[in-house]
Amino acid sequence: MNNNPFLRRWGMPLLMAVLSLFGLLSALLGDRPGQVLSWIALVVPLLVLAWYVFRKSW
Amino acid sequence: MTSVKNIKRWFWWHRWSSLICTLFLLMLCLTGLPLIFGEEIDGWLNPTHYAEMPKDSPKADLDAMTGAAKARYPRELLTSIFVDDDEPQVLVNMAPTWDPRDPMRHSLQFDSRTGKLLKDEPPFAQRPATFIDIMLDLHRGLFLDLAGELFLGVIGVLFVISILSGIVLYGPFMKKLDFGTVRRDRSRRLKWLDLHNLLGIVTAAWLLVVGLTGVINELSTPLFGLWQMTDVKAMLSKYKGNPLPGQQDLNSVQGAYHTAAQALPDMVVTSVVYPGNPFGSPYHYVLWAKGNQAFSSRLFSPVLVDAGSGKLVSVVKMPFYLRALEVSRPLHFGDYGGVPLKVIWVIFDVIAIVVLMSGVYLWWARRKLYESYFSGMGASLQ
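Chains as they are written, first to last, in the numbering used here: chain S, 670 to 727; chain W, 47 to 428.
Just chain W, same shape as in the assembly (with noise of 0.2 Å):
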C-alpha cells in the first residue's frame, strides 16, 4: 500500500513538474488554439483563387515553371519545390545562396495545371509574417529557433511528468469518493480541487500523447541532424571526389520527378530537393514521396536521382526515430480526422487550460487544500 511519505513525495514532484511549466504550457495551449485550425484560417485571411478546372486535369510540366522562375530570378539558386497534393499549386523555391536561413529566400506559386505564374512572393525578410506564422513561432520555439525549441521539450517532458504523477495522487485521492464526485457545497477550494481530478484524469490520455508528440516534434531538428551525420552521410559518401554539378547541368526536374514517381506508384511526390540544397545530396535531386491512405500519407520516403543522369538511384529507407517523428506529427496537430477531430482537439485544449489554471489555483490555497487532500485519505492510510 501507498504510504502518506510516498504520496507526499509524488505531490512534490507534481507540484514542482507542474509549477515550472505552467506559464509555458498556458502560452502552448493558447496559441495551440489558433493552430489547430491554421491552415483554414491561413487560407480565410490569403486566399488563393484557382481557375475552375476538372479535378483529373492533367499537370503542367515542372521544367517549364522552373524555366519561367530562372528567367526571372537568372543570378539565383532553385533551391526546392513543393508540388502541393490538396491544392492544385505549386511551389518554386529560390534563394541567392544555399544558406537555409537566407533572408532574400522566396518562393513563386505557380498554378500545377496550366503552368502559369500566380504569385511572385517577396523575399522572406520583406514579407510580413501572416497570424498563424507567429503563433507558429511561439508555440514552436517562443520565436528563438532551436534553442527555444529545445527549451519548450525539457519543459514538454515536465508537462509529462506532472501529468503521470497526477494520475498516480488520483488512486489515494479518490479512496472514499466515487468517479466525478465534486464538492460543491463545502469549500471553492474543495470544488476546485475535485475539477480539477475529475478534468484531469479524463482527459490525461489525451494530455499525455499531445504532450509527449509535442516533445518529439521539438526534437526534429536534432533527430534530422542526427540522421544526415550518420545514414545520409554513408549513403553520400561512395560519391565523394564526384564533381559537383552546378545548376546549369541538371537533368530535367520533370524527369527526375517522374523517375520517382514511376519508381514508387503507390506514392504522391510532393517536393523535390535541389542537389547542393544542406537538406539534400550535393550528387542527386532528392523527392520526398509519401503513401496514398490515411496512415501511410504520413510516412515519407526520400528518392535518390542522380542529377545528371537522371536515373533512379536508391528508395531511402528511414530510421525509426524519423518514422516516430512523422506519426507524432498528426497526433499532436490533430489535423488527420477532418473539421470535427480539430473541434474535439480545441474542446481538449480548453480543458487542458482550465485544469492548468485550476492547478495554480490550488498551489495558491494551498495549505488548507494540502491538510484536506491527506484528511481527505482518511484512516486507512496510518
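Chain S extracted, bound-state conformation (with noise of 0.2 Å):
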C-alpha cells in the first residue's frame, strides 16, 4: 500500500468514509444485526482519530 502514491494517501481516508457509510446504512437496513455492525463500523473511525490525535500527548 505504502508504493502506491495514490493509495498512501487516500487509502486511509477511503476506508475511514467506506466504513461510516456502511455504518450509517447497516443501521438503517437492518434490524438488531444491522445495528450492532453499524455501531462498530462507526466506531472505528473514531479510535483511528483518538490514536492519531492523541498518540503524542500521552
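I should point out that these hints are in silico values taken from the structure, not numbers from a laboratory.
The structure displayed is predicted, hence computed values, not measured ones.
Please note that the accuracy of each hint is not assured.
Stated by the list, open to error - Taking lysine to any residue and the SDA-like style, the derived pairs with C-alpha atoms no more than 25 Å apart in a straight line are:
# : chain 1 : residue 1 : chain 2 : residue 2
1 : W       : Lys279    : W       : Ser266
2 : W       : Lys221    : S       : Leu694
3 : W       : Lys54     : S       : Arg678
4 : W       : Lys101    : W       : Lys162
5 : W       : Lys237    : S       : Trp720
6 : W       : Lys54     : S       : Ala719
Claimed, not checked - Just a few of them, taken from the derived set where beta-carbon distance is under 8 Å, the chain S residues facing chain W:
#  : residue
7  : Asn673
8  : Pro682
9  : Ala686
10 : Leu693
11 : Leu698
12 : Pro702
13 : Val712
14 : Pro714
15 : Leu716
16 : Tyr721
Built from N, CA and C at the ideal position, the CB exists for glycine as well.
Dock chain to chain to rebuild the complex, using the hints, since each chain is given by itself in its own frame.
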C-alpha cells in the first residue's frame, strides 16, 4: 500500500469513508444485527482519530 | 496533475463557503447536540406515567376518545389523531379552525388501552415551549419558519461545498505527509492545520451525509407543497363538486382506522387526518401507515378512506422526492440505531465543532498558513 502514491494518500480516508457509510446504512437497512454492525463500523473511525490525535501527548 | 492555480481556486471556495456558513453551522452543531437525545430529554422533563398493563392489551376505541374530546369542546373541529406505536398513547388534535397554525390548536392525550383521558393540553399559544421545542425551532429555521428553513438549506449547501472542496485540498496537502501526521513541535498554526485536516477527512463521509440530509429536511415544506399541488390535486380532482362532508356527517374514525389496517396488514397506522384538514382531503380520512421493519418503518403510505361511506378508496404511492425526504430524516437525526448510535452521533457532532472552530482559527492566522500550505506541497507542483 505504501508503494502506490494514490493509496498512500487516499487509502485511509477511503477506508474511513467506506466504514462510515456502511455504518450509516446498516442500522437503517438491518434490524438488530445491522445496528450492532453499524456501531462497530462507525466507532472505528473515531478510534483511529483518537489514536492519531492523542498518541504523542500521552 | 493539479496546478497551483487550480488548488488556489479550490482554496478560495473552501475558505469562503466555510466562512459564510461557519457561524450558522456552529449554532446547528450546538442545538443539534441536545436534539440527538431530544426524546429522552423531553420524556425526562415531562414524564407521562402510564398504567401498568400487559403488552398485548387490546386497543381502546378511537370513536370513544374523539367522542370524549368533542364533548369537552363541542364547538371545535377534530383535526387529526396520532396513534403512537411506541408509547401507549393516542393524541386527539383539535382546533377552532382549519388553519394549521391556529394559536388555539390543542391536543388531548388518551391512554390507548383504557381510552382514559390522561391530559388535556392547553392551547398551543399558551403552552410554554419546552427546551427541546426551542432547540428544534432554532435548529430547523432560526425561529423564522419557512424563510429560516430555506435560509438554513442554503447554508447547508455551502457546508457541503466546503466539505467537498476540503476533500479536494486534502490530496495535495498530504503529498509529503503520512496519514495522521500532526506536527506538534513546529507552531500552533501548523498543529491545528494538521488536526483540522485529519479530523475533517476522517469525518468527511458522516459530515457529508448529515449535511446533505439536513438540506433535504429543510426542503420538506416545499416538497410536501409540490406533492399537494400535483399528485394530490390530480387525485382529488375527480371528486370536485361532491358535497363537502361536515364533521357531523363523518363515518366512524375507528371504522376508517380498521379499514386502513386491514388493507395494509404488514403496516402500522400511526395517524388519521380528518376530512377538511388542509393537509388531507376534503372528502376522505387520510390515514398514514408505516412499515414494521427497521427500514420500512421509515416509509409512510397514505391511505384514503371515504369520509361518508367508510370504504377504502386507495393506498397512495409516494413520489420519489418524498421517499428521499423520509430516508433523509433518520440519517440526519441519528435516531435509528439505539442509544449507542446516538452517542456516536454526539461524538461526531463534537468533532465537527472542533473542525469548524479550527477552520476559523486557521483563517484568522491565514497569511503564514497560506504560505506554509503551498510551500508544504513542495517542488512537485512547479
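Practice problem: So, Leu693 of chain S near chain W? Judge it on the closest CB pair being under 8 Å. | Solution: 6 Å, holds
Practice problem: Could you check if Pro702 of chain S really has its C-beta closer than 8 Å to a C-beta on chain W? | Solution: 10 Å, violated
Exercise. Take the C-alpha atoms of Lys54 of chain W and Ala719 of chain S, compute the straight-line distance between them, and say whether it is at most 25 Å.
Key: Given that 25 Å is the threshold and the Cα spacing comes to 31 Å, the pair is violated.
Self-check item: Hinted pair Lys101 of chain W and Lys162 of chain W, Cα distance within 25 Å
Solution: 17 Å, holds
Quiz item: Does the CB of Pro714 of chain S sit less than 8 Å away from some CB of chain W?
Solution: It holds, given that the least Cβ distance between Pro714 of chain S and chain W is near 5 Å, below 8 Å.
Practice problem: Under 8 Å, Cβ to Cβ, is where Val712 of chain S needs to be relative to chain W, so tell me if that hint holds or is violated. | Solution: Val712 of chain S check passes; min Cβ-Cβ to chain W is 7 Å, inside 8 Å.
Quiz item: Does Leu694 of chain S lie within 25 Å of Lys221 of chain W when you go C-alpha to C-alpha?
Solution: Since the Cα atoms of Lys221 of chain W and Leu694 of chain S sit roughly 32 Å apart, the hinted pair is violated (cutoff 25 Å).
Quiz prompt | Hint consistency between Lys54 of chain W and Arg678 of chain S [alpha-carbon to alpha-carbon, up to 25 Å] | solution = Distance of about 20 Å is within 25 Å: holds.
Practice problem: Please verify that hint: Pro682 of chain S, Cβ, nearest Cβ of chain W, below 8 Å or not. | Solution: At about 5 Å, which falls below the 8 Å cut-off, the nearest Cβ of chain W leaves the hint on Pro682 of chain S intact, so it holds.
Quiz prompt | Interface hint for Leu716 of chain S, Cβ within 8 Å of any Cβ on chain W | solution = Since chain W brings no Cβ nearer than about 10 Å to Leu716 of chain S, farther than 8 Å, the hint is violated.
Self-check item: Restraint status (C-alpha distance of Lys237 of chain W to Trp720 of chain S at most 25 Å)
Solution: 16 Å, holds
Self-check item: Hint validity - Tyr721 of chain S Cβ closer than 8 Å to any chain W Cβ
Solution: Because about 4 Å separates Tyr721 of chain S from the closest Cβ in chain W, which is inside the 8 Å limit, the hint holds.
Comparing the model with each numbered hint stated earlier shows that hints 2, 6, 7, 12 and 15 do not hold.
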